[in-house]
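Based on the hints, put chain D with the ligands in the right spot on chain P.
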Amino acid sequence: MAATGVDSEITKSDKYSILLPTYNERENLPIIIWLIIKYLDGSGIDFEVIIIDDGSPDGTIEVAKQLQNLYGSNKIVLRPREKKLGLGTAYIHGIKHATGNFIIIMDADLSHHPKFIPEFIEVQKENDYDIVTGTRYMNGGGVYGWDFKRKLISRGANFLTQMLLRPGVSDLTGSFRLYKKDVLLKLVESCVSKGYVFQMEMIIRARQLNFSIGEVPITFVDRVYGESKLGGTEIIQFAKALLYLFATT
Amino acid sequence: MILIHKISNLNNIVLHRIMTKLLEWVSAASAFFAIWYSLIGGYVKHPMIENNMDVILISPIFFLILFGVYAVTVVLYRVFTFNNCEAAFLELQKQIKEANTELTAKGLKW
Ligand SMILES: Nc1nc2c(ncn2[C@@H]2O[C@H](COP(=O)(O)OP(=O)(O)OP(=O)(O)O)[C@@H](O)[C@H]2O)c(=O)[nH]1
Ligand SMILES: [Mg+2]
Chain P
1 MAATGVDSEI
11 TKSDKYSILL
21 PTYNERENLP
31 IIIWLIIKYL
41 DGSGIDFEVI
51 IIDDGSPDGT
61 IEVAKQLQNL
71 YGSNKIVLRP
81 REKKLGLGTA
91 YIHGIKHATG
101 NFIIIMDADL
111 SHHPKFIPEF
121 IEVQKENDYD
131 IVTGTRYMNG
141 GGVYGWDFKR
151 KLISRGANFL
161 TQMLLRPGVS
171 DLTGSFRLYK
181 KDVLLKLVES
191 CVSKGYVFQM
201 EMIIRARQLN
211 FSIGEVPITF
221 VDRVYGESKL
231 GGTEIIQFAK
241 ALLYLFATT
Chain D
1 MILIHKISNL
11 NNIVLHRIMT
21 KLLEWVSAAS
31 AFFAIWYSLI
41 GGYVKHPMIE
51 NNMDVILISP
61 IFFLILFGVY
71 AVTVVLYRVF
81 TFNNCEAAFL
91 ELQKQIKEAN
101 TELTAKGLKW
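Heads up: the sequence lines are chains P and D, in that order.
Residue numbers for the first sequence follow full-length UniProt numbering, so the first one is 1 and each next one is one higher.
Residue numbers for the second sequence follow full-length UniProt numbering, so the first one is 1 and each next one is one higher.
Same shape as in the complex, but just chain P:
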């Protein structure tokens, strides 16, 4: 999409650090890296991929090393940790080692397609946004592989969130986003929640701190390899976070 437009507007000093937290993504990691390289290499976009693997029992790190050998250690950076310490701290760990002035956060399970990254970058540049977030709920966005129940939970939760928090952003729980690095650091500092509701709090805090937010419609294809989980605990976590933000922000 409008690759030439992106090319001409890229300032030489801009660099994008893509954070890829992985836990048991042996099957997905080579594909996601291949896709990132496919869409970004040769586009004039300066980038690095930082893989934060939490000692995955399936040996994700071993595949990551092969990929590093293949694509070079300036493009593929490995920052593993000993054991599973959670997503929130994985991001913090990644940011610490990031050399870019922009950070892109995405899942490694192929539900976030790298083809949207150039669009994120383009939208960011248009209005000098502090954050650009992917949205499944806007025109052009969507999901694949969700049954009625999952769609109902997703739409219901989104309706409730929009009503109670009026965030001005259509997708709060999605985690495919681009941030200015200093903005992300500030947000991470001001967030208290753990787990996946962290994403929701980040965007609410961003509004509170008056950061500007752009949106890009994304298609979300449910993970192909590996188990997908959306259970009672996730819903309870979500409800708690929603009420907490409702009462405090």
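The set of hints was computed from the structure by calculation and includes no laboratory data.
All C-beta atoms, glycine included, are put in the ideal place defined by N, C-alpha and C.
PhoX-like cross-link-like pairs, simulated, lysine-lysine; straight-line CA separation at most 20 Å: (1) K109/D with K65/P; (2) K38/P with K97/D; (3) K38/P with K106/D; (4) K115/P with K94/D; (5) K75/P with K65/P; (6) K38/P with K15/P.
Take a look, some chain P residues computed to stay more than 12 Å from chain D by CB distance: (7) F47; (8) G55; (9) T89; (10) I92; (11) N101; (12) F198; (13) L230; (14) G231; (15) G232; (16) T233; (17) I235.
Just chain D with the ligands, lined up with the frame of chain P:
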């Protein structure tokens, strides 16, 4: 309580907004019920009010039901119009195959 503890932790952030969303809802609800109560309590006198007293009495429940119907309609509409990205899925499947072929050729084992 835990909540209060967390609020004080976040004081610097919370101060950015004078009213929390909860307070906004509480004040809107208070305003509504103040008006409602002044009508049913006979503090405002008008024949229109006295003639429609039963409607006024049940109006909070009426609005609640109305809102419930609205919410259910909107959510269901959005569920049924949720874009199914068949094309995105097929494209990804194709790209997975391409990636597998190319990476295997380059000697990657996984
Ligand atoms: N480093 C690290 N990565 C993690 C951890 N938990 C999850 N991840 C990775 O974070 C990304 C998102 O996790 P998912 O398990 O896909 O979570 P989700 O998308 O909310 O749920 P699914 O429906 O299962 O896809 C994936 O790339 C995971 O491999 C963790 O504890 N540490
Ligand atoms: Mg996922």
